[in-house]
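S.K.: So you can see what is in the structure, the chains are spelled out below.
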Amino acid sequence: MKHLKPTRSDLPFYGSISLIGGAYVALLTLLVLACASFLTWETFTETLQSPAILQSLKLTFLTCTASSILALFVSVPLSYSLSRFRFRGRSVIDTLLDIPIVLPPIVVGLSLLILFNSLPSSENSLERLLNGQGTAVTFHVPAIILAQFTIITAFATRSLKVTFDQLPERTEHIALTLGCNRFQAFWKICLPQAQPGILAAGLLAWARALGEFGPILIFAGATRGKTEVLSTSIFLEINTGNLPGAAAISLVLILLSLSTISLLRFLGSRTSNN
Amino acid sequence: MKHLKPTRSDLPFYGSISLIGGAYVALLTLLVLACASFLTWETFTETLQSPAILQSLKLTFLTCTASSILALFVSVPLSYSLSRFRFRGRSVIDTLLDIPIVLPPIVVGLSLLILFNSLPSSENSLERLLNGQGTAVTFHVPAIILAQFTIITAFATRSLKVTFDQLPERTEHIALTLGCNRFQAFWKICLPQAQPGILAAGLLAWARALGEFGPILIFAGATRGKTEVLSTSIFLEINTGNLPGAAAISLVLILLSLSTISLLRFLGSRTSNN
Amino acid sequence: LWALWPSLESSQNKPSLTVYCAASLRSPMTEIAERFEAEHDITIRLVFNGSGALLSQLQLSGGDLYLPATADYLDQASHLITATHPTSSMTAVLVLRGEEHNILALDDLKREDIRLSFAVENAAIGKFTRQVLHDSEDWAAIEKNITVIKPTVNNTVEDVSLGAVDATIAWDAVALQNKELKIIPLPLFANKPQTTSIAILKSSTQVKLARQFVSYLTEEESSKQTFRKYGFGSVAAD
Amino acid sequence: MLSIESISIESGQFKLKDISFTVESGTCTSLMGPSGSGKTTIMEAICGLRKITSGTILLNNQDITHLRPSERKLSIVPQDNALFPHLTVREHLAFGPSIQKWNQSEIDQRINHLAEGMSISHLLDRYPSNLSGGEAKRVALGRALATRPALLCLDEALTGLDDDTHDEILSLLKDSIQNEGITALHITHSMKEATQLSDKVIKLGDLQPNQAP
Amino acid sequence: MLSIESISIESGQFKLKDISFTVESGTCTSLMGPSGSGKTTIMEAICGLRKITSGTILLNNQDITHLRPSERKLSIVPQDNALFPHLTVREHLAFGPSIQKWNQSEIDQRINHLAEGMSISHLLDRYPSNLSGGEAKRVALGRALATRPALLCLDEALTGLDDDTHDEILSLLKDSIQNEGITALHITHSMKEATQLSDKVIKLGDLQPNQAP
Ligand SMILES: Nc1ncnc2c1ncn2[C@@H]1O[C@H](COP(=O)(O)OP(=O)(O)OP(=O)(O)O)[C@@H](O)[C@H]1O
Ligand SMILES: Nc1ncnc2c1ncn2[C@@H]1O[C@H](COP(=O)(O)OP(=O)(O)OP(=O)(O)O)[C@@H](O)[C@H]1O
Ligand code: MOO
Ligand SMILES: [Mg+2]
Ligand SMILES: [Mg+2]
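Residue numbers (our numbering), protein chains in the order written: chain A, 1 to 274; chain B, 1 to 274; chain C, 1 to 238; chain D, 1 to 213; chain E, 1 to 213.
Treat the hints as calculated values from the structure; they're not laboratory data.
Quick reminder that beta carbons are idealized off the backbone N, C-alpha and C, glycines included.
Wrong hints could be hidden among the right ones.
Stated by the list, open to error - Mimicking PhoX-like on lysine-lysine, the simulated pairs with C-alpha atoms at most 20 Å apart in a straight line are:
1) D:K15 with D:K203
2) E:K101 with A:K188
3) D:K51 with D:K15
4) E:K192 with D:K192
5) B:K188 with D:K101
As the list claims (entries may be wrong) - Residues of chain A placed beyond 10 Å of chain B at every Cβ, according to the derived structure:
6) T40
7) T43
8) P51
9) K58
10) G134
11) T135
12) A136
13) L191
14) P244
15) R270
Said to hold, decoys possible - Ranges of calculated distance between the beta carbons of each label pair, as one might list FRET restraints:
16) B:P12 with D:S171: 56 to 62 Å
17) E:G205 with D:T53: 49 to 55 Å
18) E:Q178 with A:R86: 40 to 46 Å
19) B:F87 with A:F183: 37 to 43 Å
20) A:F183 with D:N103: 53 to 59 Å
21) B:K58 with A:L264: 39 to 45 Å
22) C:D75 with B:L19: 54 to 60 Å
Produce the complete structure using the sequences and hints provided.
M.R.: This is the structure:
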């Protein structure tokens, strides 16, 4: 349809669509500008050269990638079964999935801290058990990943359920007649058709993980060089009244993450546009 | 297919799906229990009877509902045009949409504060202009709604774009031959088919708005009885060391929001299952 | 939806004060502000956050009063404020969960098996305790036991109360909010109470009203009582 | 009268060049040709659903080449039906008329008339997902006929029907075309059907001397 | 041999009761009947895609009533094709054989043989969205034939094809059925096609004395 010029009766439609959408996009642009208005060139270059920031940048990308891969690994089967199977407790599970979205992230962090350290008692806790095995979660890198994972899996599952709900089951059924078992029908027929949706969910999860800081501060701390990620660095800068520093790290975060996401989205659209 | 018993070759598939999904659901349940372990019956009933909490409950539901309606109003046309039209700057807009997801919410709040109060200068700011007109945003209820709206619109748009991408354009084209202009084809053909996706996006936005507190603390403050919403109450309780209080409010939040969401989802599935 | 606007308009007619208040002072300040509002028919807008985050906020949006948890932040904000008035004080103490680790004094924190939570250097408590412990040459031995660094004093107290660490050094007022915690006074800090002061901001458009509230806060007996009730020490009047 | 004047169409690798033909008002022309020869492509181009690289389309002496589909006063029964999943059969039949703001009693009358003609009266409250193949085809036909279009495009609109239904609908179509002066273009693979319904049969191979294989 | 023994099917409001018939191995039986009479419903039930409330289905003396579709050794050409949007034509033809773990050279041979028989060799690298109606039908046919199923279910599998292609494919199907001993069930509306391909024609109305209108 893209070849026909819009007629007069379509103009109000295009006009109001662009106006509404444009207003929000303008708001976003203004927000970035507002954030950048506090930036000075020196703080920006300083930030880029600070070894602590570079270290936390590395940790940020590593943990976010790990947690979003884990999140996809869980949310793909979870959303698939919520979409395709009718089993006892299905709607309860569907409802439980809203908890990490509804709860302030800080409560999620606190709950994780309680779960690992004071249940059933602080002498008998999961963390003590793990420490006995020579590992540790609380206040270490695994805590970052677990905190991110807990929250983003719920977002990824919600997003993926929309995808699977909209994919017709019919092609899977035909695959069954051709000799597939349920796993093969899922793997060879449903999953490839869901690929754009899975990419979108994965990117959403990754992006959401980047912005997470509440639960990380509580469950992993913000020990420099050990558990400090970019979002917690930003929080600490704001908490010391250092706005230029916070603006600089925020812009680094925006630039790096948006370019990564655009690149992945571009690659994804190339492979699915066969 | 639900009438046929799974054969042996399908058991590993069902097994591993339930295992993976079940592990996450168990984690969520444990989190709620961990949170509840700090609860005493007295704090819970006290919380339910406290006029300040009831007031903030009311404000929470009102602002979240307002902001998610606004968010749908913006994200439906925005995601529709991103999905259907190829225009200049489309991929830039698509990328900008990730900003509110990537940025730590607290930075969003700070940017809003800067935008309204210190651009171009604090004497000449938007807020001053509004004050001159007899209204105010910063530190008032509209700031809560604006902070929530800024963030959840991005989530709703991402979720809706998946929906529109998966809806075939063909039926809209046929509607055009029957005399529809683009708006009518959108309104009468595309939108009703997208209804489950719109409901899902709206609920996601609403849930996400409930959990928001970083930008609200910064842009709207948390004055008791005026701009205190449940999520900020929880943050403040935690910050004054009152964990039982925080747990009580969190559980109130979970109970009320999950039942609201389940109800809406149930009503939505009834209307679309014609 | 429009139900949300009237509350805004009614508050427009009254004079109002914006007070940036450290989250740890929330309980006493909410009480006192509500009393003051009732007595004087004005609106007090309390903006809570960490002391540092408040500093960021007030740089951007102006306001009338700033009450950070410790005086340090007032030094940082010196170019934004006119006068400061002490309201209450806090003392650093050793905070434990129970008897389990047999910690009785500062030296016990240097033992092998102890886990500590400490606030970041930028937080008031973090800066203060590091300074004092450096001077007394205890810092090196204690530092090696620090398991986690948290952004605010509240977070470190939380860690102790949840059993994630064994001890922390925190403000008595903050620790006292949690009844289950055990508090041990430390001789090293006992004679160094830190004053919490409220400052009038240069950006204030209602200086007179602000002064009125400050004197209510610092001089009225009911206010002092409220501070004491929540574990804050009193200060000698200027 | 529909007249196609040397239109060329490109869709992906597939190209059609220099297609010309005319269809008189009140008559039907059948378009035949091997599978994949471009019949559907031509029909969708006439409806404005595919891009035309050159040439002109005139309908009743009006140049519709660059009009939007909604302004061409035509309707199509697509090969794949493309029913609206969220509308009942009744709403399908009412769709065109109500977009064109007919008044309610006219619409109701039209629905009843078409539903009887298509033998789908018992299906009026069904949704497309609950229809059989032939039932869906008839709904698509009814939807297209409802607005009394100037041009009716039938893309294998009569396949998948049993003989009785086929004959009934064929005669209903014939009547509509003659009585309402509709111009009809009809794609079919059945020579018998073509000769029954239409006054002229065009073989696609004949139109296009230099078609790519 | 396929034998259907008094099966009953319910799908929504539509009910079929007490259907029985048999099809000999190496032969084809055509199922005819008015549109909406339940032909597709019966066929999908045989394939295990719809619930049977009572009755038994035997294929080559094995009771397949409660087997999963994958264990029934049959394949179907659905009325709506239901091609896999993410696979090329070649991958459609290879799908069944590679699931059944044929070795690669056998698969390649089978693909070439089928593609030639269906005249779709030039389409092997296309995706379904770029196929015409008749081309898609032939791909669905090829996909179903590929695994040499014991039972072949053809739901209007030869509609939408031009006469030449139709005849070619008809004879290919006839050969396969006879030579490979396939049992075939065929739904069509064309009596001519039915008599050409099959040894027996079943009218759905005759099977079911007490059908709801
Ligand atoms: N989207 C597309 N991209 C590329 N090629 C296409 C596309 N759609 C159709 N084709 C090709 O264009 C040719 C014409 O297709 P068209 O659907 O017009 O055929 P047709 O004459 O209607 O055939 P049939 O009788 O099988 O329906 C076919 O060779 C088809 O493979
Ligand atoms: N999902 C469904 N729910 C309710 N009724 C259905 C459903 N699917 C089909 N039907 C009805 O069942 C009947 C049989 O449908 P079926 O598709 O088997 O017909 P058919 O004989 O194949 O017809 P056709 O020749 O038109 O394809 C029809 O009346 C149809 O309306
Ligand atoms: O108010 Mo603070 O940041 O806990 O010192
Ligand atoms: Mg065609
Ligand atoms: Mg059928």
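S.K.: Determine for every hint whether it applies to the structure shown.
M.R.: How the hints compare with the structure:
Among the hinted pairs, D:K15 with D:K203 is consistent with the structure: their alpha-carbon atoms are about 17 Å apart, no more than 20 Å. As the CA atoms of E:K101 and A:K188 are separated by approximately 14 Å, the hinted pair is consistent with the 20 Å bound. Restraint check for D:K51 and D:K15: satisfied, since their Cα atoms lie roughly 11 Å apart, inside the 20 Å limit. Restraint check for E:K192 and D:K192: the C-alpha separation of about 12 Å stays at or below 20 Å, so the hint holds.
About 14 Å separates the Cα atoms of B:K188 and D:K101, which keeps this hinted pair within 20 Å; it holds. Residue-level check passed: A:T40 sits 15 Å from the nearest beta carbon of chain B, beyond 10 Å. Residue placement check: A:T43 keeps its beta carbon more than 10 Å from all beta carbons of chain B (closest about 15 Å). For A:P51, the shortest C-beta to C-beta distance to chain B comes to about 22 Å, beyond the 10 Å cut-off, and the non-interface label holds.
Separation of A:K58 from chain B is adequate, the least Cβ-Cβ distance of about 17 Å exceeding the 10 Å criterion. Even its closest Cβ contact with chain B, about 23 Å, leaves A:G134 beyond 10 Å, as expected for a residue assigned away from the interface. Under the 10 Å C-beta cut-off, the non-interface status given to A:T135 relative to chain B holds; the minimum distance is some 18 Å. Every beta carbon of chain B lies more than 10 Å from that of A:A136, the smallest distance being close to 18 Å; the non-interface claim holds.
For A:L191, the requirement that its beta carbon stay farther than 10 Å from each beta carbon of chain B is met, with the minimum near 13 Å. Against the 10 Å criterion, A:P244 stays outside the reach of chain B, whose nearest CB is about 12 Å from its own CB. Chain B leaves A:R270 outside its interface by the beta-carbon criterion, the shortest separation being 13 Å against a cut-off of 10 Å. Distance hint check for B:P12 and D:S171: the Cβ-Cβ separation is about 59 Å, which falls inside the suggested range of 56 to 62 Å.
Our hint of 49 to 55 Å for E:G205 and D:T53 holds, since their Cβ atoms are close to 51 Å apart. In this structure the supplied range 40 to 46 Å holds for E:Q178 paired with A:R86, their Cβ-Cβ distance being about 44 Å. For B:F87 and A:F183, the hinted distance range of 37 to 43 Å is satisfied, since their beta carbons lie about 42 Å from each other. Range check, A:F183 to D:N103: Cβ separation about 57 Å, and the 53 to 59 Å hint holds.
Separation of B:K58 from A:L264 is about 42 Å and conforms to the stated range, judged on CB atoms against 39 to 45 Å. Between C:D75 and B:L19 the beta carbon distance is about 57 Å. The supplied range of 54 to 60 Å therefore holds.
Violated hints for the displayed structure: none, as all numbered hints are satisfied.
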